[in-house]
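Q: So in the working numbering, spot 270 of the sequence shown is number 277, and the numbers just go up one at a time.
Please note that the accuracy of each hint is not assured.
Simulated restraints, written as ranges between beta carbons of each label pair [said to hold, decoys possible]:
id : residue 1 : residue 2 : range
1  : Leu273    : Ala232    : 44 to 50 Å
2  : Leu273    : Pro180    : 39 to 45 Å
3  : Gly317    : Ser338    : 48 to 54 Å
4  : Gly460    : Met349    : 27 to 33 Å
By construction, these hints were calculated from the structure, which means they are not laboratory data. Ideal Cβ placement from N, Cα and C applies to all residues, glycine included.
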Amino acid sequence: MYIYQFFQYYQYYNKEKRMADKEKKVRVPRTPKVYQALITFGILIVVMAVAIIVYGSPVHVPMFIGVIVAACMSLYLGYDWGFIEKAMMDGIYNALQAIIILIIVGILIGVWIVGGIVPAMIYYGLKLLSPSIFLVAALLICSITSLATGSSWGTMGTMGLALMGIATGLGIPAPMAAGAIISGAYFGDKMSPLSDTTNLAPAMAGTDVITHVKFMMLPTGVAYAISIVAFGIMGFMHTSNTGGADLSSIKEMSDGLSGMFNINPLLLLPPIIVIGAVAMKIPAIPGITLGIISGAIIGMIFQGDASSFGVILDAGMNGYTSNSGIKSIDSLLSTGGISNMMYSVSLTMIAMMFGGIMEKTKQLDVIVEKILRIAKRPATLVLTTEATCLLSNITMPEQYISIVVPGRMYAKSYKNMGLHPKTLSNALEGSGTVTSALVPWNTCGVYILATLGVSTFQYFPYAIFNIAMPITVAVMAFMGLTLADKDGYRMTKRAQAKKAADMAQREEAEDLEA
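Just need the whole structure built from these sequences, with the hints factored in.
A: This is how it looks when you write it as structure tokens:
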């Protein structure tokens, strides 16, 4: 009996000892130091800069190297692999809505091109061209094209090239013409629901694309109005040189579009339906889906056999391939489809893996904590966010990264200050999207130089919209116009008074029902 009790006690003691030893071996994760978090960011910045500037590499693999570095730093801090892996998954989960929308937008672009909707928008945009108001017309044409395609690069590489040739015939300085083209291209890129950045910014902030676009309208409208006035004045100063303009490239594009597609004003109905869905507060996914359905139906009606149901299905998956023989048209319209959207989808997923690790292991928190010491007010927080986006475009020269990294850095801070996520998404697009074109070594600056043949230093003073946009957002933040409280109301006296009236009316209605 004593031997049996001793044996039981020995087993219990050994079990307790093993458990105690196991607990000792388990490392408790440490809070990272600021320099450790900066090492992670610093390596990402260096790898990104070398890959893009030296080797011209896409950002996906450099971004994944950043994921590896973030994971290694997390292991060093004491986090186990299971936690790190879950952090990556959580990061991707936070962007799932944006990923779904990007896929649907890919379908939309393919369907709208093959159905003639996008060509019709471009065709009627070209009709706005007038030599006497070339700069304003260039701004409007590139705006319409970029809104229709969601691509600033596609707009500048096609319509922009044609307009640069016309500017030469008009005697308008190339940097000035490039400024109008860039301003219009980035206006559309910023506001189009078809744009990658327009979907990425609200995903990082934690809101939906329709809410995001509606909140951007006021500051973007002000910056755009400033651009129109500025280019109108510049154009007026060059009216004496408007004779003898060579409009052959524009005519070639217009004739090419009308020859390939049956152009009809009714083809503009699908964009109107999508705009109506925005106005009626229909969520993004069903709203864009309405655009796909209406575009497919109208396309099959007006384009005949060239847009049969089978062609529509193929365009939704693989996009549209233009074989007109006109380089500008083929380059602009050969896009769309789910397959062509995988570049953005895969980058979003990899970037969110990095963001998830940095957020869950508190490497973002320690950096934000230092920054927020100077951003104690909502308006100052918006200004700080814009500055961070600009710094990202300078140090990690890629437009997407300037939205992803600051978006994950500040999302919690906006929530803690009682601000609606659309305040953050507006700040991200108000700086991250547009300032990418103002940095010579950024992928956007490099692309513009290669496409339009004008360096950043030359067109910088004339990129009116890109300069005015972040300034407008910042100034209006201090006025409360680009700040929204947690309930979505702007933080102005008038909007807050309306909120109080709405709440009182709601309470009165509830009392009557009771």
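Q: It remains to establish, for every hint, whether it holds in the given structure.
A: Now the hints, each set against the structure:
no.	hint	verdict
1	Leu273 <-> Ala232: 44 to 50 Å	violated (30 Å)
2	Leu273 <-> Pro180: 39 to 45 Å	holds (40 Å)
3	Gly317 <-> Ser338: 48 to 54 Å	violated (25 Å)
4	Gly460 <-> Met349: 27 to 33 Å	holds (31 Å)
Violated hints, in rising order: 1 and 3; the structure is consistent with all others.
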